[in-house]
Amino acid sequence: MSRIQTRFAALKKEGRGALIPYLQACDPDYDTSLELLRAMPAAGADLIEIGVPFSDPSADGPTIQAAALRGLKAGATLGLVLQMVRAFRETDSETPIVLMGYLNPIDSYGPAEFCFDAAQAGVDGIIVVDMPTEEADLLDAHAREAGLDIISLVAPTTSNSRLFHVLRDATGFVYYVSITGVTGTNSASAADLEKALPRIREATSLPVAVGFGISTPEQARTASQIGDAAVVASALIKTMAGTLEDGQATERTVPAVLEQLEGLAAAVRA
Amino acid sequence: MTNTSSPLSSSLANSLRSGPDERGRFGIFGGRFVAETLMPLLFELDEAYRAAQADPAFREELDYYLKDYVGRPSPLWFARHLTEELGGAKVYFKREELNHTGSHKLNNVMGQILVARRMGKTRIVAETGAGQHGVATATVCALFGLKCTIYMGATDVERQKPNVFRMHLLGAEVKPVTAGAGTLKDAMNEAMRDWVANVADTYFLVGTVAGPHPYPEMVRDFQSVIGVETKEQITQAEGRLPDVIVAAIGGGSNAMGIFHPFLDDADVKLIGVEAAGHGLDSGKTAASISRGRPGVLHGNRTYLLQDKHGQIEEAHSISAGLDYPGIGPEHSWLNDIGRAEYVGVTDDEALEAFQVCTRTEGIIPALECAHGLAHVMKIAPAMAKDQIIVLNVSGRGDKDIFTVAHHLGVKL
Numbered sequence: 001m002s003r004i005q006t007r008f009a010a011l012k013k014e015g016r017g018a019l020i021p022y023l024q025a026c027d028p029d030y031d032t033s034l035e036l037l038r039a040m041p042a043a044g045a046d047l048i049e050i051g052v053p054f055s056d057p058s059a060d061g062p063t064i065q066a067a068a069l070r071g072l073k074a075g076a077t078l079g080l081v082l083q084m085v086r087a088f089r090e091t092d093s094e095t096p097i098v099l100m101g102y103l104n105p106i107d108s109y110g111p112a113e114f115c116f117d118a119a120q121a122g123v124d125g126i127i128v129v130d131m132p133t134e135e136a137d138l139l140d141a142h143a144r145e146a147g148l149d150i151i152s153l154v155a156p157t158t159s160n161s162r163l164f165h166v167l168r169d170a171t172g173f174v175y176y177v178s179i180t181g182v183t184g185t186n187s188a189s190a191a192d193l194e195k196a197l198p199r200i201r202e203a204t205s206l207p208v209a210v211g212f213g214i215s216t217p218e219q220a221r222t223a224s225q226i227g228d229a230a231v232v233a234s235a236l237i238k239t240m241a242g243t244l245e246d247g248q249a250t251e252r253t254v255p256a257v258l259e260q261l262e263g264l265a266a267a268v269r270a
Numbered sequence: 001m002t003n004t005s006s007p008l009s010s011s012l013a014n015s016l017r018s019g020p021d022e023r024g025r026f027g028i029f030g031g032r033f034v035a036e037t038l039m040p041l042l043f044e045l046d047e048a049y050r051a052a053q054a055d056p057a058f059r060e061e062l063d064y065y066l067k068d069y070v071g072r073p074s075p076l077w078f079a080r081h082l083t084e085e086l087g088g089a090k091v092y093f094k095r096e097e098l099n100h101t102g103s104h105k106l107n108n109v110m111g112q113i114l115v116a117r118r119m120g121k122t123r124i125v126a127e128t129g130a131g132q133h134g135v136a137t138a139t140v141c142a143l144f145g146l147k148c149t150i151y152m153g154a155t156d157v158e159r160q161k162p163n164v165f166r167m168h169l170l171g172a173e174v175k176p177v178t179a180g181a182g183t184l185k186d187a188m189n190e191a192m193r194d195w196v197a198n199v200a201d202t203y204f205l206v207g208t209v210a211g212p213h214p215y216p217e218m219v220r221d222f223q224s225v226i227g228v229e230t231k232e233q234i235t236q237a238e239g240r241l242p243d244v245i246v247a248a249i250g251g252g253s254n255a256m257g258i259f260h261p262f263l264d265d266a267d268v269k270l271i272g273v274e275a276a277g278h279g280l281d282s283g284k285t286a287a288s289i290s291r292g293r294p295g296v297l298h299g300n301r302t303y304l305l306q307d308k309h310g311q312i313e314e315a316h317s318i319s320a321g322l323d324y325p326g327i328g329p330e331h332s333w334l335n336d337i338g339r340a341e342y343v344g345v346t347d348d349e350a351l352e353a354f355q356v357c358t359r360t361e362g363i364i365p366a367l368e369c370a371h372g373l374a375h376v377m378k379i380a381p382a383m384a385k386d387q388i389i390v391l392n393v394s395g396r397g398d399k400d401i402f403t404v405a406h407h408l409g410v411k412l
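Protein sequences, first through last, are from chains V and B. Counted from 1, the first sequence has number 148 at position 148 by the UniProt record's numbering; the numbering is strictly sequential. Counted from 1, the second sequence has number 81 at position 81 by the UniProt record's numbering; the numbering is strictly sequential.
Among these hints, one or two may not hold up.
Said to hold, decoys possible - Cut-off 27 Å, straight-line C-alpha distance, at most; resulting in silico cross-link-like pairs (DSS-like, lysine-lysine): (1) V/Lys73 <-> V/Lys238; (2) B/Lys378 <-> V/Lys73; (3) V/Lys238 <-> V/Lys13; (4) V/Lys12 <-> V/Lys238; (5) B/Lys161 <-> V/Lys195; (6) B/Lys284 <-> V/Lys238; (7) B/Lys284 <-> B/Lys411; (8) B/Lys378 <-> B/Lys269; (9) B/Lys175 <-> B/Lys161; (10) B/Lys284 <-> B/Lys161; (11) B/Lys161 <-> B/Lys378; (12) B/Lys385 <-> V/Lys73.
Unchecked claim - Pair ranges (Cβ atoms, derived): (13) V/Arg89 <-> B/Arg23: 32 to 40 Å; (14) V/Ala9 <-> B/Glu47: 38 to 46 Å; (15) B/His406 <-> V/Asn160: 26 to 34 Å; (16) B/Asp21 <-> V/Ala270: 51 to 59 Å; (17) V/Gly263 <-> B/Asp307: 32 to 40 Å.
Hint data in this document are derived by calculation from the structure and do not stem from the laboratory. These numbers were taken from a predicted model, which means no experiment stands behind them. Even glycine gets a Cβ: it sits at the ideal position worked out from N, Cα and C.
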């Protein structure tokens, strides 16, 4: 079993959903984001999503755009992100790591080389925002060979018939983009999720993570109960950004994010 | 629409005009690289566009607006004085600057707005660089009573003030984008964010032959009226096709429009002129083909200015309309198969050509097409006097007089 399967199976036994926090690699610098990454599991992260900075994150709202720019300014490259995952794996061999980003840096690195290197580094899955099912043949075979899950995205606009098409060969888990919009803007209501999730579960038996617009402990709890996991991104990055001085980390940076993460984790476990 | 207006359509199987394929690709270029949220919309758009193409009533409606509102056909002008001054090939201007709103942009906008109306959309978003596409979009939104939001880089808002004011007068909301360098690339990102957040009622009216399929094909088809007319007009004037066609390229819609009907005419040389900015090797350029490499941005695979890690670089050009680090995917393909040639012209060369055109022909060209003219000025003198060059004069330069004055050291 992959790390992702093992983790979701264990949580199912516990009778709760997963909390998936997100951090942008090298935001605001390599050392701080690695420190945060290493501390996240103890603060309640069940899986972790690492954002790969890209110059033109056209599916992201202002909070993640700013984080990506800080990461790039601090020298983030896809190679450095993999180095960060390798460093994390020195102390944690169980928490699944999923990279989330845009296609061009991967394309530039080389699809086959990237899948191989990512798996070697200890990455479990990848989410490529601008690579829909119709274009996924670029990475599919390489990812399969490397043992990397390509996490499929589905949206409120994805029709029932298209859900079956998109999720036919899906692995790992499914990421439900719960609003039509960019990250960190609106939020889906519990009623919206109650309507959407059965539709998705018709098409797949994989766990479903709910993301985009989840910021409060209550929202995380609701999403992890109706779905199988809640992804919290912009809300954590906002907290981090609030601790920076002149774009640099301060001693409050890591503790502030971890404290918020603990609050989210407590709600998901309650 | 070109398929119905040219005898070549019967032999499209062996034609360079048959692209894109069913995946929206021209060779390895093009495609649909967008978030899942947008995929169903692209399929819906594709379906609506095919239905419109197949509907004679759509063609009739578009022809009506092109003739009586846009002012087509645009003339093909023999630039006698310029030709004499250059002392070589005969230079003709395809006068797209005479269209309503002052550029070729309205050809595409008129086609797409009719598609949007057929789809029942009530709100339009668009990106704009120089403001020409924004003005054209705001214009048709005024005509049809649709809500209109235009995203424009903050830098471009500053250097294209007259067009910003025009858009306001036309009732559009202009949203300055401060991300990045505040130019066309950033405006495109922001327009896509708006679209994804308002998919139910909003139509994204793309201004160039780029973006996810079917936009590059659809915009090309609507702009191909330029080449179709040129073919008829030059045949009437000269009894033959031109030797060379030259057009400036940002995203590449005016060039694709004039090139496409000639793709199978192997004797007609096609030259796309990219903005070299301060020079192709200055690091401050917008020449995506000359100095970029293939990658994925804004929904398509194409030549992009990017660093070795795949991060997109800022483009630079004196012309806001060419200030984009990518190019339409069909151009990337035409480059790779060698059917079209892509060259660079610097800011200074364009400024010089701008003045020559104004002085010799009494036509103030947009800085975009001044780049095309600068290349014509390089090649025409070495060509024989019975050879023919057609330059697509894609827009008028009134919007650029402040920029030109600034560079000439004149305070207005």
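Comparing the hints with the structure gives:
1. V/Lys73 <-> V/Lys238: Holds: V/Lys73 and V/Lys238 sit about 18 Å apart, inside 27 Å.
2. B/Lys378 <-> V/Lys73: Given that 27 Å is the threshold and the Cα spacing comes to 41 Å, the pair is violated.
3. V/Lys238 <-> V/Lys13: Outside the cut-off at roughly 33 Å; violated.
4. V/Lys12 <-> V/Lys238: violated, 31 Å
5. B/Lys161 <-> V/Lys195: violated, 48 Å
6. B/Lys284 <-> V/Lys238: violated, 34 Å
7. B/Lys284 <-> B/Lys411: holds, 25 Å
8. B/Lys378 <-> B/Lys269: The hint holds at about 15 Å.
9. B/Lys175 <-> B/Lys161: The hint holds at about 13 Å.
10. B/Lys284 <-> B/Lys161: Measuring from Cα to Cα gives roughly 23 Å; hence the hint holds.
11. B/Lys161 <-> B/Lys378: violated, 32 Å
12. B/Lys385 <-> V/Lys73: Judged against 27 Å, a Cα distance of about 55 Å means the pair is violated.
13. V/Arg89 <-> B/Arg23: 32 to 40 Å: For V/Arg89 and B/Arg23 the Cβ distance comes to about 37 Å; the hint holds.
14. V/Ala9 <-> B/Glu47: 38 to 46 Å: holds, 42 Å
15. B/His406 <-> V/Asn160: 26 to 34 Å: Taking Cβ atoms as reference, B/His406 and V/Asn160 lie about 57 Å apart, which means the hint is violated.
16. B/Asp21 <-> V/Ala270: 51 to 59 Å: holds, 53 Å
17. V/Gly263 <-> B/Asp307: 32 to 40 Å: holds, 39 Å
When the structure is compared with the earlier hints, violations turn up for hints 2, 3, 4, 5, 6, 11, 12 and 15 and for no others.
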